[in-house]
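Participant: Sequence:
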Amino acid sequence: MLRSLTGYFSNDLAIDLGTANTLIYMRNKGIVLDEPSVVAIHNDIPSNKKSILAVGTEAKKMLGRTPGSIQAIRPMKDGVIADFTVTEQMLKQFIKKVTPSRFFAASPRIVICVPCGSTQVERRAIKDSALAAGARRVELIEETMAAAIGAGLPVEEPTGSMVVDIGGGTTEVGVISLGGVVYSNSVRVGGDKFDEAIINYIRRNYGMLIGEATAEEIKKTIGSAFPGAEVREMEVKGRNLAEGIPRAFTVSSNEILEALTEPLNQIVSAVKIALEQTPPELGADIADKGMVLTGGGALLKDIDRLLAEETGLPVFIAEEPLTCVVRGSGKSLEKMDKVVSTIFTSVP
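For the sequence shown, my numbering gives the first residue as 304, with consecutive numbering after it.
Hints were generated in silico from the structure; no laboratory data involved.
It cannot be assumed that every hint is accurate.
Derived pair list, reagent style DSS-like, types lysine-lysine, alpha-carbon separation capped at 25 Å [stated by the list, open to error]:
1. Lys-604 x Lys-638
2. Lys-604 x Lys-634
3. Lys-523 x Lys-540
4. Lys-332 x Lys-430
5. Lys-363 x Lys-399
6. Lys-332 x Lys-352
7. Lys-395 x Lys-430
8. Lys-353 x Lys-332
9. Lys-540 x Lys-604
10. Lys-523 x Lys-592
11. Lys-352 x Lys-364
12. Lys-353 x Lys-400
13. Lys-399 x Lys-332
14. Lys-399 x Lys-380
15. Lys-363 x Lys-353
16. Lys-400 x Lys-332
17. Lys-575 x Lys-540
18. Lys-395 x Lys-363
19. Lys-634 x Lys-575
20. Lys-634 x Lys-400
21. Lys-380 x Lys-332
22. Lys-575 x Lys-332
23. Lys-430 x Lys-364
Using C-beta positions, here's what the derived DEER-type ranges look like [unchecked claim]:
24. Lys-540 x Thr-360: 16 to 24 Å
25. Ala-590 x His-345: 42 to 50 Å
26. Glu-538 x Lys-353: 20 to 28 Å
Each residue gets a CB set at the ideal place from its N, CA and C atoms; glycine is no exception.
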């Protein structure tokens, strides 16, 4: 009776705690928050006290533009917690934003996604952060499973489904059958590595320094994973390293393709290894149905074409790839009431 009453007053949440963005799904309401995983901290130098100045979109605007007393940081790195205290505060602020304040509000039950390559220590840190942020109960779900559910793949059926989730910090490759993960692998390559590769290429070839925000804009505007018939160009502003003066210059889509070759090859390699490790019967299913791409990296132009060319399999981009993981986690909230569910991952 008490449990059902508490459940009635609580807002069950699913959280995709990503390296680049944090998304929150609320039961019966859908996605209620989509903000960058960035926190701005104010350092009070005389008293040596730190306080949270802003989180999410407001904090991201401050990246690379802060004075000495303010620090804009990303507490998640490669899909796992880099700064436990700041992550906990960020979660608290996000949960507070989406949870209506009322006289009696029970602590929410939360499902959080974790990379399949994360260690038990890293998983425990994520679980502890959510509990410290005010969760009543926390379940963890692997990103590949959540992405497959969100993409609408038949995960409960005795057939092989392959999903490639290209996030900000990691790329998760998974094969799923009968509600469980048959094979999963995580490589620490994603949207951040794409941005880093563009920054390094421009520094090396142009002697210019650009920031992360500019690199991300280049990637979105003219970035490509496969050579195209049309060569696109973009004017970019940065600092000339030799002169120390801001300058404008033009880069082409072919140059960005060259810059992205190395991280893209790592993703292709991870997919090929997954196919090698997949049992033959499930491999036959994947050969028929192909693989599904999810995550922000799936929006990179022609990445599906690159993987199709390299593997010879059909490749599809999921509908709304950016929100697949959190929507899949949201669907799994219903399964929290079951005593045993194979879709959740245990933490000792």
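Participant: Now, for every hint given, state plainly whether the structure supports it.
Facilitator: Hint-by-hint comparison with the structure:
At most 25 Å may separate the alpha-carbon atoms for a hinted pair to count; Lys-604 and Lys-638 exceed this at roughly 36 Å. Only pairs whose Cα atoms come within 25 Å are accepted, and Lys-604 paired with Lys-634 is rejected, the gap being roughly 29 Å. For the given pair, Lys-523 sits about 16 Å from Lys-540 by alpha-carbon distance, which is consistent with the 25 Å threshold. Using a Cα cut-off of 25 Å, the hinted pair Lys-332 and Lys-430 holds, with the two alpha carbons roughly 24 Å apart.
For the proposed pair Lys-363 and Lys-399, the alpha carbon gap of about 19 Å is at most 25 Å, so the pair holds. Of the pairs offered as hints, the one joining Lys-332 and Lys-352 is violated, with about 38 Å between alpha carbons and a cut-off of 25 Å exceeded. For the proposed pair Lys-395 and Lys-430, the alpha carbon gap of about 13 Å is at most 25 Å, so the pair holds. Between Lys-353 and Lys-332 the CA atoms are separated by roughly 35 Å; this puts the pair beyond 25 Å, and the hint is violated.
With a CA separation close to 23 Å, the supplied pair Lys-540 and Lys-604 stays within the 25 Å bound. With a C-alpha separation of about 29 Å, the suggested pairing of Lys-523 with Lys-592 is violated against the 25 Å cut-off. This hinted pair checks out: Lys-352 and Lys-364 have alpha carbons roughly 23 Å apart, not beyond 25 Å. At roughly 21 Å between alpha-carbon atoms, Lys-353 and Lys-400 fall within 25 Å of each other, so this suggested pair holds.
The straight-line distance between the Cα atoms of Lys-399 and Lys-332 is roughly 16 Å, inside the 25 Å bound, and the hint therefore holds. Using a Cα cut-off of 25 Å, the hinted pair Lys-399 and Lys-380 holds, with the two alpha carbons roughly 23 Å apart. A distance of roughly 18 Å separates the Cα atoms of Lys-363 and Lys-353; the hinted pair therefore holds under the 25 Å criterion. Restraint check for Lys-400 and Lys-332: the C-alpha separation of about 14 Å stays at or below 25 Å, so the hint holds.
For the given pair, Lys-575 sits about 38 Å from Lys-540 by alpha-carbon distance, which is inconsistent with the 25 Å threshold. Distance restraint check for Lys-395 and Lys-363: the Cα-Cα separation of roughly 18 Å lies within the 25 Å cut-off, and the hinted pair is therefore satisfied. This hinted pair does not check out: Lys-634 and Lys-575 have alpha carbons roughly 29 Å apart, beyond 25 Å. Restraint check for Lys-634 and Lys-400: satisfied, since their Cα atoms lie roughly 21 Å apart, inside the 25 Å limit.
In summary, the hint linking Lys-380 to Lys-332 is not supported, as the alpha carbons are separated by about 29 Å, beyond the 25 Å threshold. For the suggested pair Lys-575 and Lys-332, the alpha carbons sit about 38 Å apart, so the restraint of at most 25 Å is broken. The suggested pairing of Lys-430 with Lys-364 is violated, with an alpha-carbon distance near 29 Å, which exceeds 25 Å. A hinted range of 16 to 24 Å for the beta carbons of Lys-540 and Thr-360 is consistent with their spacing of about 23 Å.
At roughly 55 Å, the beta-carbon separation of Ala-590 and His-345 lies outside the given 42 to 50 Å, and the hint is violated. For the hinted restraint 20 to 28 Å between Glu-538 and Lys-353, the CB-CB distance of approximately 39 Å leaves it violated.
The structure is inconsistent with the numbered hints 1, 2, 6, 8, 10, 17, 19, 21, 22, 23, 25, 26, although it conforms to all the rest.
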